[in-house]
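**Q** Below are the chains, spelled out letter by letter.
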Amino acid sequence: MTSRPGHQDKTAVPLVRLADAGKNYGSIIALSGITLEVSAGDVTCVLGDNGAGKSTLIKIIAGLHQPSTGSYEVEGTPVSFASPREALELGIATVYQDLAVVPLMPVWRNFFLGNEVRKGLRMDIGFMRRTCKSELLGMGIDLRDVDQPIGTLSGGERQCVAIARAVYFGAKVLILDEPTAALGVKQSGVVLKYILQARERGLGVIFITHNPHHAYPVGDRFLLLNRGRTIGYYAKEQITRDELTGLMAGGGELEQLSHELEAMGGAAADAAQVLGEDVQELGIARRPGSGE
Amino acid sequence: MTQTAQADLTPSPLRDERVGRNSVLARLFARPEMGAVSGAIVIFLLFFIIAPPFRSAGSLATVLYVASTFGLMSAPIALLMIGGEFDLSAGVAVTSSALTASLFSYEFTVNVWAGVAVALAVSLAIGFLNGWIVVRTGIPSFLVTLGTFFMLQGLNLALTQTITNQVASPDISEIQGFSAAQKVFASSFTIGGVNIRTTIIYWIVVVFIATWILLRTHVGNWIFSVGGSAPSARAVGVPVAKMKIGLFMGVGLLAWFTGMHTLFEFNTIQSGQGVGNEFVYIIAAVVGGCLLTGGYGSAVGAAIGALIFGMTQQGIVYAGWDPDWFTFFEGALLLGAIVLNTFIRRRAEASR
Chain A
5 MTSRPGHQDK
15 TAVPLVRLAD
25 AGKNYGSIIA
35 LSGITLEVSA
45 GDVTCVLGDN
55 GAGKSTLIKI
65 IAGLHQPSTG
75 SYEVEGTPVS
85 FASPREALEL
95 GIATVYQDLA
105 VVPLMPVWRN
115 FFLGNEVRKG
125 LRMDIGFMRR
135 TCKSELLGMG
145 IDLRDVDQPI
155 GTLSGGERQC
165 VAIARAVYFG
175 AKVLILDEPT
185 AALGVKQSGV
195 VLKYILQARE
205 RGLGVIFITH
215 NPHHAYPVGD
225 RFLLLNRGRT
235 IGYYAKEQIT
245 RDELTGLMAG
255 GGELEQLSHE
265 LEAMGGAAAD
275 AAQVLGEDVQ
285 ELGIARRPGS
295 GE
Chain B
27 MTQTAQADLT
37 PSPLRDERVG
47 RNSVLARLFA
57 RPEMGAVSGA
67 IVIFLLFFII
77 APPFRSAGSL
87 ATVLYVASTF
97 GLMSAPIALL
107 MIGGEFDLSA
117 GVAVTSSALT
127 ASLFSYEFTV
137 NVWAGVAVAL
147 AVSLAIGFLN
157 GWIVVRTGIP
167 SFLVTLGTFF
177 MLQGLNLALT
187 QTITNQVASP
197 DISEIQGFSA
207 AQKVFASSFT
217 IGGVNIRTTI
227 IYWIVVVFIA
237 TWILLRTHVG
247 NWIFSVGGSA
257 PSARAVGVPV
267 AKMKIGLFMG
277 VGLLAWFTGM
287 HTLFEFNTIQ
297 SGQGVGNEFV
307 YIIAAVVGGC
317 LLTGGYGSAV
327 GAAIGALIFG
337 MTQQGIVYAG
347 WDPDWFTFFE
357 GALLLGAIVL
367 NTFIRRRAEA
377 SR
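If you read the sequences in order, they're chains A and B. Heads up: the first sequence begins at 5 in the working numbering, then just goes up one per residue. Heads up: the second sequence begins at 27 in the working numbering, then just goes up one per residue.
One should not assume that every hint holds.
What the hints assert, rightly or not - Lysine-lysine pairs mimicking BS3-like chemistry, simulated, CA-CA at most 30 Å apart:
hint	chain 1	residue 1	chain 2	residue 2
1	A	Lys-123	A	Lys-176
2	A	Lys-176	A	Lys-137
3	A	Lys-137	A	Lys-197
4	B	Lys-268	A	Lys-63
5	B	Lys-268	A	Lys-123
6	A	Lys-197	A	Lys-176
If you're looking for bench data, these hints aren't it; they were derived computationally from the structure.
My request is simple: use the sequences and hints to build the entire structure.
**A** Here it is, written out as structure tokens:
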């Protein structure tokens, strides 16, 4: 329950493996044909614009939904989760952007919420305070006081507490739902640093974002989604930052936009030229491996 | 080292913010009970100075007794409010419980303890129903319990009328088991010539248990979390629905106890009694630092809120003031407490 995870050896069997997974809501196909592998010590970035199917994908992995098609394996065993609690028991922890913490409660109470260490009927408060402080220090967060309401921490620090909490409670796979979305540049940097720390501790990390500049520096693999489909699945060696940005921006669409603006003339034509140059620079030619 | 890296990444205004928050005064006032404690001291001194009868030990015992009858209910109400819910039916639920015990024992001429047991079941059922409707429908408890409040008020009157043809329950003091029950629920003892009601002791015990649960057990942690952010609590595996239903049933439990006290104190119960008391319980909890929005508060604070109430109610009598002013003070207290608590919360919560 409160086991402290050490460094895990990279094993041949991936921690999480989705094969050709999809999700339908009635007649609506929210997600289809997703193949994804997450191994220990690996950061997989899931990129996509709004409505690309990122949240549906997380919900499947986190155990909130079951895939309608395809298979889902955890450490080589096919699974079918009835609730997130079951996924958590197998070490798949999700840190949601908004649902991470209870703002008015002290940091240590948040840290152990739902997993309180008990001593008979009581909680072992001394142990929990000490552990919370040392665990956060281990992640590089030096708090003056673990009794301060967690709402007084900055957004980035709160995300980090939630990450440290998941790591402490034995997560093997950490799903981070847009942890940097609401954060400034420096705060995002702090969160990215903890993602790398989680990786060093041997966790598999699934990092959901729509920002390629956040994804590229920390990611080992990149899964790009658009309209519920995979538009690319690359290892870091296979793709450059610019190509990633280009794919995210939606290559063809950007070119199309440039033509439309050109047709409007005036200031729009100037914008079109800049856009056209960007497209050239980014080298958004369709890659053969990109599926569609 | 990681720590220096952290320092580099953290902008200096954040540091300043942290220093400011940690001043001794700010920390003291960040405690939920502080508003109530200072209010209690002011009101005690006020009546101590202007109302000579207030100074005797006997009247202090009376103040405590009055406070205890409110305080027994304000403790579970405080826990419920910290858990993010309301109970407007609590005032009449006390009467419902007392009427149930009384009418059951009288109608079936059974030992009063049987009536007491039935009343307990009814009270817990009312609490369960309130909680169950709230968690199942997602309708704010303010509205749900407003509904059950009126329903219970109607039931109290209608059933009492139907069964006894009167608006009050019959005197049950002749029924078997009455004196034993009275000893348990409505007795007193004397210390140094001062008559002390046992409800004061029960009150202290209830507040102690409530505080212990809230601060020392995992259940308390869960109560804070379901009120502070139910979705976050659910996400980490806290059984939110069970917690909320349990808190409503806690109110039911103490409504039963308070109802039994009232019954065995007066032998008979007016069916219209208790209306308006729900607000007193809520005011006591709010004065004691509970936020209307949940997630913050204290059982000790609610007890001090009840004490303020008892002092004000008796103090006005001892000072010889016009008791017509009493509700004015109630209102002023509530308003003052809410202003103070809003201010405190803004300090305690994030202000990014």
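**Q** Please go over all the hints and tell whether each is borne out by the structure.
**A** Evaluated hints:
Pair hint Lys-123/A plus Lys-176/A holds up; C-alpha atoms about 27 Å apart against a cutoff of 30 Å. For the proposed pair Lys-176/A and Lys-137/A, the alpha carbon gap of about 22 Å is at most 30 Å, so the pair holds. Simply put, Lys-137/A and Lys-197/A have alpha-carbon atoms about 19 Å apart, close enough for the 30 Å limit, and the pair holds. Straight-line distance between C-alpha atoms of Lys-268/B and Lys-63/A comes to about 24 Å, which keeps the hinted pair within the 30 Å bound.
Distance restraint check for Lys-268/B and Lys-123/A: the Cα-Cα separation of roughly 23 Å lies within the 30 Å cut-off, and the hinted pair is therefore satisfied. This hinted pair checks out: Lys-197/A and Lys-176/A have alpha carbons roughly 18 Å apart, not beyond 30 Å.
Going through the hint list in order, the structure satisfies each hint without exception.
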